[in-house]
Amino acid sequence: MRRIVVVGASAAGLAAAETLRREGYDGTLTLVGDEPLAPYDRPPLSKQILAAEWEPERLALRTPDTLAALDLDLRLGVAATGLEPADRTVGLADGSALPYDGLVIATGVRPRRLPGEGAHVLRTLDDALALRERLTPGRRLVVVGAGFLGAEAAAVAWQLGVHVTLLEPAPVPLAHAIGTEVGQMLGQAHLKRGVDLRCGVTVTEVTDAGVRLGDGEVIEADEVLVAIGSLPNTRWLDGSGLTVGDGVVCDEYCRAAENVYAAGDVARWYNPLFGTSMRIEHRTTAAEQGMAAARNLLAAPQARKPFAPVPYFWSDQYDMKIQAFGYLRGHDEVTVVEGDLADSRFVAAYRSGDRVTGALAVGMPPKAIRQWRQAIATGATWHDSVSTTVPAVES
Amino acid sequence: MKVELEADKCVASGQCVLAAMDVFDQDDDGIAILLEEQVGEDRLDDVKEAVAVCPAAAIRLVEQ
Numbered sequence: 028m029r030r031i032v033v034v035g036a037s038a039a040g041l042a043a044a045e046t047l048r049r050e051g052y053d054g055t056l057t058l059v060g061d062e063p064l065a066p067y068d069r070p071p072l073s074k075q076i077l078a079a080e081w082e083p084e085r086l087a088l089r090t091p092d093t094l095a096a097l098d099l100d101l102r103l104g105v106a107a108t109g110l111e112p113a114d115r116t117v118g119l120a121d122g123s124a125l126p127y128d129g130l131v132i133a134t135g136v137r138p139r140r141l142p143g144e145g146a147h148v149l150r151t152l153d154d155a156l157a158l159r160e161r162l163t164p165g166r167r168l169v170v171v172g173a174g175f176l177g178a179e180a181a182a183v184a185w186q187l188g189v190h191v192t193l194l195e196p197a198p199v200p201l202a203h204a205i206g207t208e209v210g211q212m213l214g215q216a217h218l219k220r221g222v223d224l225r226c227g228v229t230v231t232e233v234t235d236a237g238v239r240l241g242d243g244e245v246i247e248a249d250e251v252l253v254a255i256g257s258l259p260n261t262r263w264l265d266g267s268g269l270t271v272g273d274g275v276v277c278d279e280y281c282r283a284a285e286n287v288y289a290a291g292d293v294a295r296w297y298n299p300l301f302g303t304s305m306r307i308e309h310r311t312t313a314a315e316q317g318m319a320a321a322r323n324l325l326a327a328p329q330a331r332k333p334f335a336p337v338p339y340f341w342s343d344q345y346d347m348k349i350q351a352f353g354y355l356r357g358h359d360e361v362t363v364v365e366g367d368l369a370d371s372r373f374v375a376a377y378r379s380g381d382r383v384t385g386a387l388a389v390g391m392p393p394k395a396i397r398q399w400r401q402a403i404a405t406g407a408t409w410h411d412s413v414s415t416t417v418p419a420v421e422s
Numbered sequence: 012m013k014v015e016l017e018a019d020k021c022v023a024s025g026q027c028v029l030a031a032m033d034v035f036d037q038d039d040d041g042i043a044i045l046l047e048e049q050v051g052e053d054r055l056d057d058v059k060e061a062v063a064v065c066p067a068a069a070i071r072l073v074e075q
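Protein chains in written order, with the numbering used here: chain Z, 28 to 422; chain G, 12 to 75.
Heads up, some of the hints might be wrong.
Cross-link-like lysine-lysine pairs, in silico, BS3-like; alpha carbons within 27 Å at most [what the hints assert, rightly or not]:
| no. | chain 1 | residue 1 | chain 2 | residue 2 |
| --- | --- | --- | --- | --- |
| 1 | G | K20 | Z | K332 |
| 2 | Z | K332 | Z | K219 |
| 3 | G | K59 | Z | K394 |
| 4 | Z | K348 | G | K20 |
| 5 | Z | K332 | G | K59 |
To be clear, the hints were calculated from the coordinates, so they are not data collected in a lab. Treat the numbers as computed from the prediction; the structure is a model and nothing was measured.
So here's chain Z without its partners, still in its complex pose (with noise of 0.2 Å):
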C-alpha cells in the first residue's frame, strides 16, 4: 500500500494517521479536514472552552512539530465531497481527486438543527466562541435538549451569570441512557441551581424572540443553544456503493468495504464484546477506534482484530463529575450498587439480559470504577457482579 487517505481531521483521523506511521506505514499519508484548524479537541469546547477558563490554544492535539514529524499530505479546509470505489480516488470541494489503495472515514457528525434561524450549535471551536462572547450575566439563554452536552452548556452558563431556561422533549432528561432514577437526579442538579428545567416539552422552531413550543407558547431568550443530537456526516458518500445507515457501516473490523475502512463518530460497526452494532461518539471511542481501523487496514485478513472496546466517556455539571462505561442504551435494570444518588455520590450498575453492560459513577473514586469496568470487559454475570457488592437486589 502506497497512498492511504484519511478523511477527517479529529481525534479518529488524527489516531489513525498516526498509528499508521507507528506500525511502519511510509508511503504517501494524506489527512484531509473540511475545518482549516490543525486537529483539536472536543469535549472542553462545551466545558473550559464556553467557560472561558482556556484559550483555544489549549485545545491543540498535537504540537507543530509532531504533526510535522507524521510527513502528512495535510489537506485542511477543504470538505471531501464524493467517494468513488471503482477507481479508488476521493474527490474534494476544491476539485482535486485523491487517488487511493487505503482509506479511512473519519468524517464525524454534524449538529441536528432546528427550524428557524439564529440559534447556535455547538460542535466547532468558532460554535464554542460564538457562544461564548454572547454569554455575560443577566442574559437569557435557551437550550434546546437535556442530554450531556445541552447540560454541560448549560451548567456552564449558569455558573457565568446568565438565565437559562433548559428545555427537554423526553419525561426524564437522557431516561433512555441512562435509566429514569439517574436522568432525574441529574435534573434535579439544574432545577436546585435554579436552571428553569422543563421536561415534556416540544420545541417546534427558533424564532427572532427566541423558541416556539408545539403548543404555540414562546420562550423569549437572547440567546439559542440547539442540542438535539448530531447526524453522522455520510452525504459525501451517497452513490460511493457503501452502506450507510445511521453511520457509515461496518463489520467488527471496522470494515467498511476492501481496503475502506471508518472510525470515530461516523462509524457503526459490530462491537462482538455486546453482540451488537453500535455508533458511539465518545472521544476514547474515537481514538481507540481510529488506531483499531488504522491497524487492520494494514493488517492481512487473518491478523486483522475485532474492535471490542468498552465505550467510555465522562460529562463536568455543575461541581459533578460523571463517568460512564460500557453500553447503557437499551438495559434492562438499573442498580445503585455503591453511594446514594441523593449524595450525588453514587456508583449505579447497568443490566442487558443477564450481563453487566454499563456502569455509571458520579463522584467516586476510581477504584470503585474500575472493579465495574473489568466487570463489563470481562462479560460477568449480573448476579455474580451485583450479588457480591450490595446485599439485596433492587428491582
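Fit chain G to the given chain Z structure using the hints.
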C-alpha cells in the same frame, strides 16, 4: 524517553492506567499520577498507547 503529564488537563478517565499500569496511577479524585518519568524501550509501546487513548491529550512522550 521521558513521559510528561499535564495534570490540569486530566479528565480522570483512567485510560492511561489501563494502558500502562506500572507507569500511571490515579489519585483519589481520579487525576493521573506519573509513577515513572523515564521509560525504557520495553515500556514504550504501552506508553504510546496511553498517549494515544488519553481523552484529554494530557500525556506526551519527549525525546531526550
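### Message
For a C-alpha distance cap of 27 Å, please report whether K20(G) and K332(Z) respect it.
### Response
Status violated; Cα separation ~31 Å.
### Query
Hey, K348(Z) versus K20(G), does the alpha-carbon distance stay inside 27 Å?
At roughly 14 Å apart (the allowed maximum being 27 Å), K20(G) and K348(Z) satisfy the hint.
### Message
Holds or violated: K59(G) and K394(Z), Cα atoms, limit 27 Å.
### Response
Answer holds: K59(G) to K394(Z) is near 24 Å, not above 27 Å.
### Task
Given the hint that K332(Z) pairs with K59(G), test it: the Cα-Cα distance must not exceed 27 Å.
19 Å, holds
### Message
For a C-alpha distance cap of 27 Å, please report whether K332(Z) and K219(Z) respect it.
### Response
48 Å, violated
Violated hints, listed in ascending order, are 1 and 2; each of the other numbered hints is respected by the structure.
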